[in-house]
Amino acid sequence: MRSSQESLATALAPSLRLPFCYLFAALAAFLVLNLLFVIERGGFSSSFFRQGQVMALAHLAALGWITMTAMGAMFQLIPVVLEVPLWSERLGQVQFWVYLVGVLGFVGSLWSLRFTWAPLFAFVLFLALSQFLLNLGMTLVGVRRWDWTGYHIVAALLYLAATAFLGLLLALNLGTGFLGPQVLGFLKGHVYLAVWGWVSLLIVGVSYKLLPMFALSHGYSEGAGKASFVVGNLGVLGLFFGFILGDGEGIWLLASSLLLFLAILLYAVQTYLILKSRRRKLDVALYHSGAAILYLLAAAVLGILSSLGLLPTGFQFYYTYAYLGLMGWISLFIVGQMYKIVPFLAWFHKYSHKVGLEPVPLMKDMFDERLAMAQFYLMNLGILGTSLAFLVNNGRAVGVFGFLVLLGAVIFIYNMVTAYRR
Amino acid sequence: MEALKKVYDPEVGLNIVDLGLIYDVQIEGGKVGVKMTLTTPSCPLHESLVKGAERTIQALPGVAQARVELVWEPAWNPDMMSEEARRHLGRG
Chain B
9 MRSSQESLAT ALAPSLRLPF CYLFAALAAF LVLNLLFVIE RGGFSSSFFR
59 QGQVMALAHL AALGWITMTA MGAMFQLIPV VLEVPLWSER LGQVQFWVYL
109 VGVLGFVGSL WSLRFTWAPL FAFVLFLALS QFLLNLGMTL VGVRRWDWTG
159 YHIVAALLYL AATAFLGLLL ALNLGTGFLG PQVLGFLKGH VYLAVWGWVS
209 LLIVGVSYKL LPMFALSHGY SEGAGKASFV VGNLGVLGLF FGFILGDGEG
259 IWLLASSLLL FLAILLYAVQ TYLILKSRRR KLDVALYHSG AAILYLLAAA
309 VLGILSSLGL LPTGFQFYYT YAYLGLMGWI SLFIVGQMYK IVPFLAWFHK
359 YSHKVGLEPV PLMKDMFDER LAMAQFYLMN LGILGTSLAF LVNNGRAVGV
409 FGFLVLLGAV IFIYNMVTAY RR
Chain U
26 MEALKKVYDP EVGLNIVDLG LIYDVQIEGG KVGVKMTLTT PSCPLHESLV
76 KGAERTIQAL PGVAQARVEL VWEPAWNPDM MSEEARRHLG RG
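Line by line, the protein sequences are chains B and U.
Going by the working numbering, the first residue of the first sequence is number 9, and it counts up by one from there.
Going by the working numbering, the first residue of the second sequence is number 26, and it counts up by one from there.
If you are wondering where the hints come from, they were derived from the structure by calculation, not from laboratory data.
Don't take each hint at face value.
As the list claims (entries may be wrong) - Derived BS3-like pairs (lysine-lysine); straight-line CA-CA distance at most 27 Å:
1) LYS56/U <-> LYS31/U
2) LYS31/U <-> LYS358/B
3) LYS31/U <-> LYS289/B
4) LYS30/U <-> LYS76/U
Just chain B, with the same shape it has in the complex (with noise of 0.2 Å):
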């Protein structure tokens, strides 16, 4: 028998309170950009894209809600999943008062269209995602055991730096336009990067391990998952060159669109193995999940349409195409592994000591699971409607729906906050 007292450990991860300082700020930015979107509901239908508010909301949504997340999250799972502990705590306590204030500041300057502040606090962002990189980079040296779950973080930490290299030469131009003409691809470039490079690979890199662990799957096969992480980088990559050299048209584009789209195809079918081999229901997490590659399969499905000419052009089809990418895919996703991620650690401060001892409580007793389905079904229908009121271009619609997402979220944030004080 093989035998490891010390593997994967929780003794690995981190205090607490680095996590949680990232995961509750996220909350925050979460509840104020619904708010946001539903105060700024008319703004949508301008047909100025580059308008300071929808730059401000896109960027609280990647920057405060979702990369937030991911860096709390990559801070407590990396050392257990990967089996190594992190390089430094201090690190990342101090990178997270640079990146709360890089996002504050540059939201806000986006949001309030004083430009001028945005070069300022795209550096303080830049300087803070470095020092993540930095920490999560040497941290990564240690590991002993590669696996595609530990491939997927590495080539998703290398989009985040390409993703933040842009996103500062574009802060940059605000105040300059150095970029000349050149600006629109890569601002695509930038976007794709970060939406499918960064966060994308990163989740589905962490799904093959969360999944799994979570539904209790067992002898499914590997190969769609591994066939879809080469596929899909040749695609982000593609798409990524192709903004950034040339215009982003033509056959190239096409080429790089439809490797994309087979590589999330590929993801869904390695998902759906996971999930048809499991020997649990599915919970609250997973319900989440499975809606959440639904959400993508949408997206995939109306971006491969858009590349192949088969779609009007017009801002509806990039905010239905960009809400699906932000709010139905990423967001529900993180929002069902917040459910894992948050009761854990709260149950695993408060009561895993006291295990054999006493009776405690379970996972899903540590916030209210009727409340969160409740919570799933209100986000679903809420998501649903504010994609479709997008594309047929409703303003009031959008306000409406969106208003359903903010109550989800409002309850989602109460079962948050119930489990880190039950």
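Using the hints, position chain U against chain B.
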């Protein structure tokens, strides 16, 4: 074994015996040695379950020393769960 049924995996909601995590129990006088596994090496409940099992055995009358060793071979699979566990999870 019955005593170890008090130790629950808080994520799955099943005790570690019915989950099939206990591979072997050796008793020599007042010394008890247990070999157990987890559903996956990435399970973050590693410390909670191992220490919980140790505390449970240690609390039994007549036990002077309890030692729980975590092993990964043979790797756990769902067929190791008891009938009751499969019924509980609903997808045996």
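Going down the list of hints, with the structure as the test:
1. LYS56/U <-> LYS31/U: Cα-Cα ~20 Å, so holds.
2. LYS31/U <-> LYS358/B: holds, 18 Å
3. LYS31/U <-> LYS289/B: holds, 23 Å
4. LYS30/U <-> LYS76/U: holds, 14 Å
When the structure is compared with the earlier hints, no violation turns up for any of them.
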